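**Q** Chains A and B, in that order, give the protein sequences. Numbers 1 to 247, taken from the numbering used here, label the letters of the first sequence in order. Numbers 1001 to 1255, taken from the numbering used here, label the letters of the second sequence in order.
No lab work stands behind these hints: they were computed from the structure. Keep in mind it's a predicted model, so treat the numbers as computed, not measured. For each residue, glycine too, the CB sits at the ideal point set by N, CA and C. Just to be clear, a hint being listed does not mean it is correct.
Distance condition first, Cα-Cα at most 27 Å in a straight line; then the derived BS3-like pairs of lysine-lysine [what the hints assert, rightly or not]: (1) A/Lys28 x B/Lys1118; (2) A/Lys28 x A/Lys181; (3) B/Lys1118 x B/Lys1086; (4) A/Lys28 x B/Lys1142; (5) B/Lys1118 x B/Lys1142; (6) B/Lys1031 x B/Lys1235.
To list a few chain B residues with every Cβ distance to chain A over 12 Å, as calculated [to be verified]: (7) Gly1032; (8) Gly1040; (9) His1197; (10) Ile1242.
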Amino acid sequence: MFQSIGEALLLFWRTLAALPHVWRQRSKVAEQLIEIGTASLLMACILSMFIGGVIALQSGPVLRERGLAGALGGLVGLSMCRELGPVMMAVLIAGRIGSAMAAEIGSMAVYQEIDALRTMNINPIRYLVLPRMVAISIALPALVVFSILVGWLGGAVVSALNDQIAVPFDTFFNNLRDMVKFRDVVNGLVKSFVFALFIGMVSCHQGLSTIGGPRGIGRSVTKAVVNSIVLILILDYFITRFFLVFE
Amino acid sequence: MSSERQREAKGGVPVEVRGLRKSFGGVPVLKGISLNVEPGEVFVVMGPSGSGKSVLLKHIIGLETPDEGEILVAGEPIECEEVAEKYRLAMVFQSGALLSSLTVGENVGLYLTEHRSKPPEEIARIVREKLELVGLENVEGKFPNELSGGMKKRVAIARALVIEPQLLLYDEPTSELDPLSAITITEEIVNLNERTHATSIVVTHDRDLAFDVADRIAIITDGEIRLIGTPAEVKGSRDPLIQRFIHADFKPERT
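The task is simple: from the sequences and hints, build the whole structure.
**A** Below, the structure is given as structure tokens:
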């Protein structure tokens, strides 16, 4: 396990060292961005809408009973941008994009395509890892912004339409505006950026270290997704703890 | 790669393997291999399956790191990053190893595209030319999975040709091919060597290919070199193991 962590960190370091070459790989970054967008945008929309809705549904009646229904906007707003937006989107991306990265790079490793790149003096980190890492680091925070907005909307719709909650749109968003500060959104974006780096690093590393044919590719994909999700949840705690120091 | 360096390094390069040892999981695969390949020579490495031929080839191009010993390309250790910058090396993999997500044209032009050495129109022209050279036309837009095994190998050779290599390695170039395709590939290897004077190292267990193309042949058995010599010397060897290997034939017992 420690060897694997060491290798993944080394890969991350080498990818950072390759950053000056990112402009030359811009078309591949764009390709990856389009792939991430098409694979996850609809799912992100559905997921976020229902997450926002279910928070409102769970907490709305309880708050109303205690005469605190007006605070529902703030509750949904903060939950979405501090926790649920970044974490749920990271889990979604680990499942949809991390797995695809591990499978594609893994299959290239197994079928000697990466060896072929090396023999042509093409650095696989610059050619394969760098564009994926850059794309995921841009796409995940962008997706989180989208998810937060859709989640807020989902919460507001449920709050307004559910008879047990009955919080109108303007009350919901006025409270949300009062409670959610710019730094809360930044908090979520920083989290998602860190999650993106880890998903990219873990998935690309698993792909590159794939051995043993189709079964090996399957193993790499599973490891990439499971390790990414475990890391997301552990990192989430520590980043939250870190931000609490500044409050 | 700078054009100055390219000019510096024209023609084939010599290769020297010194005391190469490699084990996988404690099992020795190469047990102290030493050989010299002259510039422009076609050097064939023959041996039964599992004798360590392909592992040797991977060491020569720097895809594997030796446990002991060293590989020198034009006198410089292969692991030195300068070597890949200074000399043009290419390998034709047994499976072709074409990038499955790229078209044939993109695969063949990959080296030039990634190293930005030519404008796109020039790259397209070179790709067409190299594909024609290996007898393929109008396949640029196809994906590797639409091609037969023989076509994939020829595309892989075209991809290697684009590099204009000074050292060209072939890993089992005729395996899985029908006899006619095998002859085409054999002719390609000879023609290329005559035209480019690149040093060629061919790993194979195809006796016809070996004796047709080789300037010299090395026979490897069980991770060790059994013999290095010209095709005539190998044929004339009295070593019973070599004789068995080069004359192996299926003789059914008929009643």
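**Q** Give a verdict on every hint.
**A** Results for each hint:
no., hint, result
1, A/Lys28 x B/Lys1118, "19 Å, holds"
2, A/Lys28 x A/Lys181, "36 Å, violated"
3, B/Lys1118 x B/Lys1086, "18 Å, holds"
4, A/Lys28 x B/Lys1142, "20 Å, holds"
5, B/Lys1118 x B/Lys1142, "23 Å, holds"
6, B/Lys1031 x B/Lys1235, "25 Å, holds"
7, Gly1032, "25 Å, holds"
8, Gly1040, "20 Å, holds"
9, His1197, "20 Å, holds"
10, Ile1242, "30 Å, holds"
Taken one by one, the earlier hints fail for this structure only at number 2.
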